[in-house]
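Chemist: Based on the hints, put chain B in the right spot on chain A.
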Amino acid sequence: MTLARIGVFVCHCGENISATVDCAKVAAEAAKLPGVAHSVDYKYMCSDPGQQLIQSAIREKGLTGVVVAACSPRMHEPTFRRACAEAGLNPFLCEMANIREHCSWVHEKGEATTAKALDIVRTLVAKVKKGKPLQPIQVPVTKTALVLGGGIAGIQASLDIANAGHRVILVEKEPSIGGHMAQLSETFPTLDCSQCILTPRMVEVAQHPNITLYSYSELEGLEGFIGNFKARIRRKARGLDETLCTGCGLCTQKCPTRRIPSEFDAGLGLRPAIYVPFPQAVPNKPVIDRDHCTYFLKGKCRLCEKVCPTQAIRFDQEDEIVEAEVGAVVLATGFDIKHGDFFPEYGYGRFQDVIDGLQFERLASASGPTLGEIRRPSDGKVPETVVFVACAGSRDPAKGIEYCSKICCMYTAKHAMLYKHKVHQGKPFVFYMDIRAGGKMYEEFVRRAMEEDGVQYVRGRVSRIYERGGKLVVKGADTLLGARPLEIEADLVVLATAAVANAGAEDLAQKLHVSYDAHAFFAEAHPKLRPVETNTAGIFLAGACQAPKDIPDSVSQASGAAAKVAALFSRSELVREPLVAVVDRQAPPVYSSCVGCFLCQGACPYQAIEKEEIRNRDGGLIKTVAKVNPGLCQGCGTCVALCRTKSIDIQGYSHEQVYAEVLALLNRGEGDA
Amino acid sequence: MKALQDKARELLAGGAVQVVIGYGRGSAAAARAVFVREASAVDALVLDETCLQNLAVYLRKPEVRRLGKAALVAIPAVLRTILQLAAENQVSDGSLIALAVTPSGGEVVPLATLDAVEKHVAGLDFPRGAAEEAELRKFAEMGLQERRSFWEEQFSRCLKCYACRAACPLCYCERCTVECNQPQWIPVPAHDLGNLEWNVMRAMHLAGRCVDCGDCSRACPVGIPLQLLNRRLVDEVYERFAFRSGMAVHGENAMSTFKPDDPEDFIR
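Each protein sequence line maps, in turn, to chains A and B. In short: position in the first sequence from 1, add 170, done, that's this note's numbering. In short: position in the second sequence from 1, add 573, done, that's this note's numbering.
The shape of chain A in the complex, shown without the other chains (with noise of 0.2 Å):
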């Protein structure tokens, strides 16, 4: 081993740093400290030429570590070990003193100051000269996308990620791709027909060559790491063969079981037993809802396999478990809406013309149960005064839903239009706590709602809704005119209840090893710059499923999701750092200092920690002992901390390291400096 030979570097960062340190009697103190071999400071250390002052010293003083006395090492870390790697050192024996973010950022001018940049620069000096060399670790890609929920997210996704030439395998659980972009009549601001957007998009994903689409179906698992997953995916029995199956709906027409409320009509429908969600569905072939059907419950009936032209039922069909290798996941499960009693004082769910936004929709729907004319569920009058009820439940600290479900405002000026559009003398009244119409000419739809149609907004909140004499009475506050209490007798009453996460979405997180807050959205790994990416590395955001979200929004995210996965599949081989936890390894008879008790692998976040038999030469075992896949492994550091015969060590951040930079403070003007 030969002698260290250290550089120091201290960068002035203009004045960031320079404003309160003196950077010049720390590259002279530190010059002191035992193996420094050379120590400078410069105005600019990240510049072209301030780079080159240390590509030169390494060249010319042979230097065996590099200690930049810069900023963080999340600003300029990469930099500059790429820079030492260039001249030829090891990029791993590069480190970074932190002088700016932890010491001139925070305190002020002074010989405290200028003494902490150096206690920081020592510690890094100690530590570097413990370094050792490191080689990135190569692992290899599948390049198969795996997308969970086929809504309008998911199948831009699987477009985006298909189109550039990557296979997808795109899960649904519903026997129908579309999501809740299916089900709406028109969209905002625009005005344009939901399905006639969407549908085109869905055939797209059904006919495009490098798309498998498996509806019908759940994730049951998935295990692995960036780039080498392998996913187990329950295709439910739909109870028929979907190859003979060719869609005439025969079975449908006929199956006597028919008054099932519809999922996609909202309740508002009725559906047989064996069914296809609407009539647009992709792929359109019917699914036997058993929880229904005759057959299954009393068995007998059978009347759709003797209808069936191809004799594509299949009663005794069980659920296939299909296992698949991918690459990279697209989160883009979706959002729900709040239903049920949790609105008592709207009598939603007892009131039977107290619907929820989805319900107008198909209200609303040319498709929908009433044709696209505005008849209310109760006795199918068309209503004279609709009460459209914002925020119900949303921006609600009592309810526990603080945040805004951001769609509502839109939709319910929307809402509010269409049916002005439809009934002219009917009269539609907006409740609402505050407008937001932030987007691409959002703010000019709802004015126009107010302005154009004659909508009447009402700024305050509604206590109560009960029934008298056949109208519902809305009892409200209007707070622009002193509070004053406000009673409205209406037909029928929208309420854009909280836009909420699907209920399996907590249990689906804990699967993928996702994060997820407080109401179970997934979390991004940073707000602002991270915002497709999960903490997860190789499982992407896209849609509602992260936080409510608009449609145009939802497609911006998943075209991003889709380009993350894209540049994730455009090399065969992915790069990553070898900060990772090793398991110690030796000569024999010890083989190695683990003991094999694993309770390293319960604590391992990630499950990165494997099993590994070490055997003899005619295949007898000598001791099963921890490894770390380097795959998995994020370098967290959680097992180093458990093991208690100091068998695991984080490379690049070894005890050895730790030691030394602990030990350069506690023993600072000993002998050194």
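Hints are all accurate, no fakes.
DSSO-like mimics (lysine-lysine), calculated; alpha carbons at most 30 Å apart, straight line:
#, chain 1, residue 1, chain 2, residue 2
1, A, Lys-406, A, Lys-681
2, B, Lys-642, A, Lys-781
3, A, Lys-300, A, Lys-231
4, A, Lys-698, A, Lys-508
5, B, Lys-832, A, Lys-681
6, B, Lys-832, A, Lys-793
7, B, Lys-832, A, Lys-781
8, A, Lys-508, B, Lys-832
9, A, Lys-610, A, Lys-597
10, A, Lys-569, B, Lys-832
11, A, Lys-781, B, Lys-634
Now the in silico label distances, taken between C-beta atoms and shown as ranges:
#, chain 1, residue 1, chain 2, residue 2, range
12, B, Thr-623, A, Ser-685, 50 to 58 Å
13, A, Arg-700, B, Gly-702, 54 to 62 Å
14, A, Glu-433, B, Leu-709, 53 to 61 Å
15, B, Val-682, A, Glu-393, 36 to 44 Å
Just so you know, these hints were derived from the structure itself, not from any lab. Beta carbons are placed, not taken as given, at the ideal position from N, Cα and C, and that holds for glycine.
Modeler: Below, chain B without anything else, positioned relative to chain A:
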């Protein structure tokens, strides 16, 4: 005692095991471990109130393993140790037969599988004596400073002889933290700081694993009440995680289990 000797004779004569690890008569009326390898030698086995040592400590010793399959005379604490060792992948199913006994005599229950041990342990009580409860209560009532000086006084007598480590069946590591010298985390000399670090480190390494057998205290030549420290941690782990070590073959470890749904309210 007779029942135990008969069972041992049967197992050895039939070749079901190659060694019976049990208690024999030691010096000064104390019991000591004996390793009976012949059916004719089973008379050396004794069982009485002095039989307290945790014989599971021998299960991981290579020289004992080389003797072949063992039958282990197992008082209740030993049975829990076997389960804890199994949970830590240190004993495998079928590698031993536990002969469940109580020091006061009674029947001998041979348990040939780890599942059988788990079932048997589920039916046992692990009561604490009044004196033990009183000692814990007295300790709990001490203030932080008082506790610190109590242990400093106790540890000042520690010789770093590592008898506690040798006696403890869960101190099976082939390389102990104190033997890691690159870097030397725990100083070698028996001075105050080093003693404190060693004993606190050992207690932390046993947190959530210790089965409260008490061999550490019995082994300590200078009478440091080490079991008090471990017992206090046993209680702490139970209060926080409702977890008891050595109760299940596939038991998790309270101190090292990552759960994505952990509320983590201590850092909010």
